[in-house]
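Engineer: Build out the structure end to end from the sequences listed, making use of the hints.
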Amino acid sequence: MSSGHAHDVKAEVRRYMIVFAALVVGTIVTVLASYINLGHGGNIILALIIASIKGFLVAGFFMHLVSERVMIYTILIATVFFFAGLMYLTIWSLEPTSLIHDKNATKTAVVEHKAH
Amino acid sequence: MEIPYTVREREDTGLYNAKLGIWLFLASEVMLFGALFSAYILLRVSSPPGFWPHHVLNVPIGTVNTIVLIVSSVTVVMGWASLKMNQFGKYRIFQAITILCALTFVCVKSYEYYDKFTHYAVMKKDGTVVDGHLVSKDKEKIVLHLNEHPETRVRFLTEGDTTPANEPGIAKGAGPITGGHSEPAPNAHKEAASGESHAGHHEPVTVPMSEVQRMEAYGPWHHTYLAIYFTLTGLHALHVIGGALVIAYIWGPGAKMWKTEPERYTNRVEVSGLFWHFVDLVWIFLFPVLYLL
Numbered sequence: 000m001s002s003g004h005a006h007d008v009k010a011e012v013r014r015y016m017i018v019f020a021a022l023v024v025g026t027i028v029t030v031l032a033s034y035i036n037l038g039h040g041g042n043i044i045l046a047l048i049i050a051s052i053k054g055f056l057v058a059g060f061f062m063h064l065v066s067e068r069v070m071i072y073t074i075l076i077a078t079v080f081f082f083a084g085l086m087y088l089t090i091w092s093l094e095p096t097s098l099i100h101d102k103n104a105t106k107t108a109v110v111e112h113k114a115h
Numbered sequence: 000m001e002i003p004y005t006v007r008e009r010e011d012t013g014l015y016n017a018k019l020g021i022w023l024f025l026a027s028e029v030m031l032f033g034a035l036f037s038a039y040i041l042l043r044v045s046s047p048p049g050f051w052p053h054h055v056l057n058v059p060i061g062t063v064n065t066i067v068l069i070v071s072s073v074t075v076v077m078g079w080a081s082l083k084m085n086q087f088g089k090y091r092i093f094q095a096i097t098i099l100c101a102l103t104f105v106c107v108k109s110y111e112y113y114d115k116f117t118h119y120a121v122m123k124k125d126g127t128v129v130d131g132h133l134v135s136k137d138k139e140k141i142v143l144h145l146n147e148h149p150e151t152r153v154r155f156l157t158e159g160d161t162t163p164a165n166e167p168g169i170a171k172g173a174g175p176i177t178g179g180h181s182e183p184a185p186n187a188h189k190e191a192a193s194g195e196s197h198a199g200h201h202e203p204v205t206v207p208m209s210e211v212q213r214m215e216a217y218g219p220w221h222h223t224y225l226a227i228y229f230t231l232t233g234l235h236a237l238h239v240i241g242g243a244l245v246i247a248y249i250w251g252p253g254a255k256m257w258k259t260e261p262e263r264y265t266n267r268v269e270v271s272g273l274f275w276h277f278v279d280l281v282w283i284f285l286f287p288v289l290y291l292l
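As given, the protein sequences belong to chains A and B, one line each in that order. The numbering of the first sequence is numbering that gives the first Met the number 0, which starts it at 0 and goes up by one. The numbering of the second sequence is numbering that gives the first Met the number 0, which starts it at 0 and goes up by one.
Straight line, CA to CA, 25 Å or less: simulated DSS-like cross-link-like pairs of lysine-lysine:
1. Lys124/B - Lys136/B
2. Lys9/A - Lys258/B
3. Lys89/B - Lys9/A
4. Lys124/B - Lys140/B
5. Lys140/B - Lys115/B
6. Lys115/B - Lys138/B
Here are some, though not all, of the chain B residues that point toward chain A, as calculated from beta-carbon distances under 10 Å:
7. Gly13
8. Leu19
9. Ser27
10. Ser37
11. Ser45
12. Met77
13. Ser81
14. Tyr290
15. Leu291
Derived from the structure by calculation, the hints contain no laboratory data. No residue lacks a Cβ here, since even glycine has one placed at the ideal position from N, Cα and C.
Structural biologist: Set out below in structure tokens:
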């Protein structure tokens, strides 16, 4: 977004319109895809893929990340690193050995319920 | 003292200061929403089998709100582009649309919240659950319009509400947990309706308070799904309101700067726009996660 020339801006405006159309189509596809049974995991993955593409379009073109300064990329690399770490910790805590995913607790609850 | 680098870019960063500032702020925002998404994943995966509700929210309304935010993102960037082309009048129109979109979004969200706060789950002393929208409530009775989509019912997490609903708005909460596929109670609808109302599904059902063991609106206290739903969308709505206020200030009283310092003014519009796009970006992920999955 560094250039201020009117001609460049006009070219960008055309790009914004294309991105806008893509985002609307992406939203409709997301909704329609949710009614197709791809298995629970399949639906989640498809929805997240479409959301990621839409997110890329917004960040890349509306926020001009496709042509930004190195400093901003540096900040974002650090952000991505910590965000990925957070998600890794989240998924790691869902492993069968973790305390959160305690299948035995659920089984115990079922047995106790039956006993009553 | 004059604020440095409001227009000119610093040699070391290659950015004017406000732009560096907004990106650092957005980085911290990513972590804020990331932590809440993490909480969502943990709550969802650790939910007992069959207890995580699906399709509780109105998808057409959510889709409209998504489109509204996308439109607002386009008008923000078009407003900035108009200033770059020295077309202040066009900028004013585009940003006015942005502010209207923000108001629309908040109004629609408020309607959705109202819908949830007037949606009640009533567990009777015999274990039957009556589920629907509030018609009236007093010390003697509660009257509900039955929820005709039992698959959207948000179950009580405690007190024995363990059987999926099989009739509109009504379920018998007595069976054991068997992987979330308990046998539905026979004649549950008749049992719940007998004695209180002989009305059809489209007419209200009355439950005397003397028969009520527990009742809750679909607020954040009713279920962890609703808790994380209100937390995520509430925080997002606060961002929408905050962003709209800043954009409205720059568009209205702050527009005087355009006459004296047009480049600085354009940069202000750009920075507020970056925040607005981030708000849109968060919603792009919230919508499928909360409404569709």
